[in-house]
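**Q** What follows is the residue order along each chain.
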Amino acid sequence: MLKVENISKDYGPVKAVDHLSFECDQGEIFGLLGENGAGKTTTFRMIMGLIDSKEGKITLDGKKIDYTITDQIGFVTEERSLLTKLTVEEQVKFYGALKNMDDDAVNKALDEWLTRFDILEYRHRKIKELSKGNQQKIQFICAVMNHPRLLILDEPFTGLDPINVKMMKDAIYDLKKEGCSIIFSSHQMEYIEEFCEKLVILVKGKTILNGYLEDIKQEYGIKRIEIIGDVSEDDFSKIKGIQKIEKRNDKWVLHIQSEEVVSKVFKAIQSKKIWKFEAMKPTLNEIFIEKVGGQK
Amino acid sequence: MKKKFWFLTKISLKKKVKSKWFLGVNILFACLIIFLLNIDTIVTFFGGDFESQTEIIILDQTGEVAPQFQTLIESEDNTAGESKRYHARISDSDLKTEKENLIDQKDEKVLVVFEKDPEQYLQVKIISEEKINALDYQILVQAVNQAKSNYALSLSNIDPVELAKISKPITLEREILKDTQSVDESMDTVMNTIFPTVVLPFFMLTIFLVQMIGADICEEKSTRSMEVIISNVSAKVHFASKVVAANLFVIIQGGLLLLYAGIAFYVRNVLSGGNMIGSFTASMGTVWDSLVATGFIDKLWYFIPLVVLLMFVSFIAYSLLAGILASVTTSMEDFQQIQTPIMIISLVGYYLAMIAAVFEGSIFIRILSYVPFISSFLSPALFVLGQVSLIDMILSILITIVVIFFFIRYGMRIYKAGILNYSNEKVWKKFSKTIQNKDV
Numbered sequence: 001m002l003k004v005e006n007i008s009k010d011y012g013p014v015k016a017v018d019h020l021s022f023e024c025d026q027g028e029i030f031g032l033l034g035e036n037g038a039g040k041t042t043t044f045r046m047i048m049g050l051i052d053s054k055e056g057k058i059t060l061d062g063k064k065i066d067y068t069i070t071d072q073i074g075f076v077t078e079e080r081s082l083l084t085k086l087t088v089e090e091q092v093k094f095y096g097a098l099k100n101m102d103d104d105a106v107n108k109a110l111d112e113w114l115t116r117f118d119i120l121e122y123r124h125r126k127i128k129e130l131s132k133g134n135q136q137k138i139q140f141i142c143a144v145m146n147h148p149r150l151l152i153l154d155e156p157f158t159g160l161d162p163i164n165v166k167m168m169k170d171a172i173y174d175l176k177k178e179g180c181s182i183i184f185s186s187h188q189m190e191y192i193e194e195f196c197e198k199l200v201i202l203v204k205g206k207t208i209l210n211g212y213l214e215d216i217k218q219e220y221g222i223k224r225i226e227i228i229g230d231v232s233e234d235d236f237s238k239i240k241g242i243q244k245i246e247k248r249n250d251k252w253v254l255h256i257q258s259e260e261v262v263s264k265v266f267k268a269i270q271s272k273k274i275w276k277f278e279a280m281k282p283t284l285n286e287i288f289i290e291k292v293g294g295q296k
Numbered sequence: 001m002k003k004k005f006w007f008l009t010k011i012s013l014k015k016k017v018k019s020k021w022f023l024g025v026n027i028l029f030a031c032l033i034i035f036l037l038n039i040d041t042i043v044t045f046f047g048g049d050f051e052s053q054t055e056i057i058i059l060d061q062t063g064e065v066a067p068q069f070q071t072l073i074e075s076e077d078n079t080a081g082e083s084k085r086y087h088a089r090i091s092d093s094d095l096k097t098e099k100e101n102l103i104d105q106k107d108e109k110v111l112v113v114f115e116k117d118p119e120q121y122l123q124v125k126i127i128s129e130e131k132i133n134a135l136d137y138q139i140l141v142q143a144v145n146q147a148k149s150n151y152a153l154s155l156s157n158i159d160p161v162e163l164a165k166i167s168k169p170i171t172l173e174r175e176i177l178k179d180t181q182s183v184d185e186s187m188d189t190v191m192n193t194i195f196p197t198v199v200l201p202f203f204m205l206t207i208f209l210v211q212m213i214g215a216d217i218c219e220e221k222s223t224r225s226m227e228v229i230i231s232n233v234s235a236k237v238h239f240a241s242k243v244v245a246a247n248l249f250v251i252i253q254g255g256l257l258l259l260y261a262g263i264a265f266y267v268r269n270v271l272s273g274g275n276m277i278g279s280f281t282a283s284m285g286t287v288w289d290s291l292v293a294t295g296f297i298d299k300l301w302y303f304i305p306l307v308v309l310l311m312f313v314s315f316i317a318y319s320l321l322a323g324i325l326a327s328v329t330t331s332m333e334d335f336q337q338i339q340t341p342i343m344i345i346s347l348v349g350y351y352l353a354m355i356a357a358v359f360e361g362s363i364f365i366r367i368l369s370y371v372p373f374i375s376s377f378l379s380p381a382l383f384v385l386g387q388v389s390l391i392d393m394i395l396s397i398l399i400t401i402v403v404i405f406f407f408i409r410y411g412m413r414i415y416k417a418g419i420l421n422y423s424n425e426k427v428w429k430k431f432s433k434t435i436q437n438k439d440v
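Protein chains in written order, with our numbering: chain A, 1 to 296; chain B, 1 to 440.
Next comes chain A alone, as it looks inside the complex (with noise of 0.2 angstroms):
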């Protein structure tokens, strides 16, 4: 289990983290949400022991992380962290060396690796030759091979196609199964609200939400309607409660105070025939603007 207790980080008078605490068990993934800037890297390096904290501590399975465990843990960096002159192998051969993996260990987890992501023709190119969604998958096995238990992804989607992407998750959902703690960063909230069940928001340093996502989105409570049917604007017009009455395409989307609001929009529309009606929880995006836009 990663154990985050009360890190911070300044740069001269910059608090990059103030203060940050999380936990992720094992076979667990948790988020860390934040805009550039937000000290999610800064989150990183600290842990991987990069740059030390001014205060607080990290530890792994109860172990402060040092040279010792760094072999454990895998770490997928924003940019591509690859040597571009070498060839796929010598470069997964180099970053394997550097976890003590033997020659014959990496080759076989390379072969498994590259037959996985459908990439075994390229063992041998080059990789400033690969694509950006091809190098990402390098830096992804290179990070994975030896089983780590901890993994860090920052971003690890970028510039990835839907397919590829979809490769990439079923990997990280089978690195979970295996008692993987990942630790994972993007911009793309529907990624992080797929995956993660725990996540941190961090906005500027400080952690503005802190919890299991299902929590938080509970103590949102209900805050959207969407409606498909034969029904019109003068239905719910008159309803107290509604915010904002959108139209997007057939479907109706009412923003709502509270969950109060939902039985007075039901009983409004249930004489006519409809074919969707869903009282929807925020998504996260909806609660990272929210939160994010508030502490602006």
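Calculated from the structure, these hints are not laboratory results.
A portion of the hints provided could be inaccurate.
Simulated restraints on C-beta separations [to be verified]:
| hint | chain 1 | residue 1 | chain 2 | residue 2 | range |
| --- | --- | --- | --- | --- | --- |
| 1 | A | Ser-131 | B | Val-270 | 53 to 61 angstroms |
| 2 | B | Phe-405 | A | Ser-21 | 37 to 45 angstroms |
| 3 | A | Glu-178 | B | Tyr-422 | 29 to 37 angstroms |
| 4 | A | Met-280 | B | Ile-435 | 32 to 40 angstroms |
Below, simulated SDA-like cross-link-like pairs (lysine to any residue); rule was C-alpha separation at most 20 angstroms, straight line [stated by the list, open to error]:
| hint | chain 1 | residue 1 | chain 2 | residue 2 |
| --- | --- | --- | --- | --- |
| 5 | A | Lys-132 | B | Gly-24 |
| 6 | B | Lys-131 | B | Leu-102 |
| 7 | B | Lys-14 | A | Asp-103 |
| 8 | B | Lys-429 | A | Asp-10 |
| 9 | B | Lys-2 | A | Asp-103 |
| 10 | B | Lys-18 | A | Leu-86 |
| 11 | B | Lys-2 | A | Ala-97 |
| 12 | B | Lys-433 | A | Ile-51 |
All figures in this text were calculated on a predicted structure; none of them were measured in a lab.
Cβ coordinates follow ideal geometry from the N, Cα and C atoms, glycine included.
Fit chain B to the known structure of chain A by using the hints.
**A** Below, chain B alone, put in the same frame as chain A:
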């Protein structure tokens, strides 16, 4: 961690040595060295005017000077080079006929006319169809003057045995009382032959070293692979591997340069039909004689190890400085700019070593010989010239070691922070703060 250190060292070295550029550059080096060491043979092969012999026709109206002048010209010819450049012939003809013979001749001909002169013993005329080159003219004038002196002495009723003694070159004994300067002026031979061939490759290797470290670190930084590497090995181990790899590379490259020089000598020997060994041995014999004559030979047993040690510590200092500077830059272009001062410093050292003999006794140059980065070039040169002592050389080595210590102690802090810094903003302020931070 030891395993990772050697792995990183191997990778850095392999990246450099296995590149096609290394191969290309070394082929070029080999060709250049073979070409330069055989340039005279190559130039001769293609032919030219320089091959023609100058005929010196001696018209002696005194009846006494000609044989001596002929001998003098031939002895000058022996010192001028391997092949005979002059052919001196005593003429029986008259001046008019010989003058006519000079016109429209294929080969270069010079007529030297000796006439008696009641006032100055001799009057000499040098006649040629066209202007002759400065070296030939100088040799002729020297021989004429020498011939005149000998002729004058012979006219002064001096016994021929006595005259031979006067003409014989003097046996010179040289003694310098000050111990630190117990080498004499003959060491110029060593400075002019051996020293440039040692200093120039050292200068080249220094440039290779600085550029290799810089390029390696900049590449890892600019591709951001540094983050993954440093998350698996400490910055200290990473830096040490770069320094060791660069120095190993320099040793390999130095060895290859020696090999190319060996091949070049072999080629020279083959081209000269085996004569080269003789001429090479003769040249080395001259250097060796100088070393023996000056007593420097007795110092070689500690001079050579000290020079090797000084070069070694200087390479380490250069590689540490280059690594630290590379860590604060964010691109190869930045590093190219920031490495310029290192290049200039080493260039200063190189030139000072070359011209050290001209400024004998200069306190300023002596002080510079203690300065790290310059000392590796200058200190051995001054020692060979007898301007600094053994103690001074040891002092230069110790100062460089102290600088290395500071680079490791404080430069390491900059390196650790620098390799993960991608911003060019307030760089110097940032790193001066880093130096003061003991926790980095």
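**Q** Now tell me, hint by hint, if it's right for this structure.
**A** Hint-by-hint comparison with the structure:
{"no.": "1", "hint": "A/Ser-131 <-> B/Val-270: 53 to 61 angstroms", "result": "55 angstroms, holds"}
{"no.": "2", "hint": "B/Phe-405 <-> A/Ser-21: 37 to 45 angstroms", "result": "41 angstroms, holds"}
{"no.": "3", "hint": "A/Glu-178 <-> B/Tyr-422: 29 to 37 angstroms", "result": "34 angstroms, holds"}
{"no.": "4", "hint": "A/Met-280 <-> B/Ile-435: 32 to 40 angstroms", "result": "56 angstroms, violated"}
{"no.": "5", "hint": "A/Lys-132 <-> B/Gly-24", "result": "31 angstroms, violated"}
{"no.": "6", "hint": "B/Lys-131 <-> B/Leu-102", "result": "12 angstroms, holds"}
{"no.": "7", "hint": "B/Lys-14 <-> A/Asp-103", "result": "17 angstroms, holds"}
{"no.": "8", "hint": "B/Lys-429 <-> A/Asp-10", "result": "16 angstroms, holds"}
{"no.": "9", "hint": "B/Lys-2 <-> A/Asp-103", "result": "18 angstroms, holds"}
{"no.": "10", "hint": "B/Lys-18 <-> A/Leu-86", "result": "12 angstroms, holds"}
{"no.": "11", "hint": "B/Lys-2 <-> A/Ala-97", "result": "12 angstroms, holds"}
{"no.": "12", "hint": "B/Lys-433 <-> A/Ile-51", "result": "15 angstroms, holds"}
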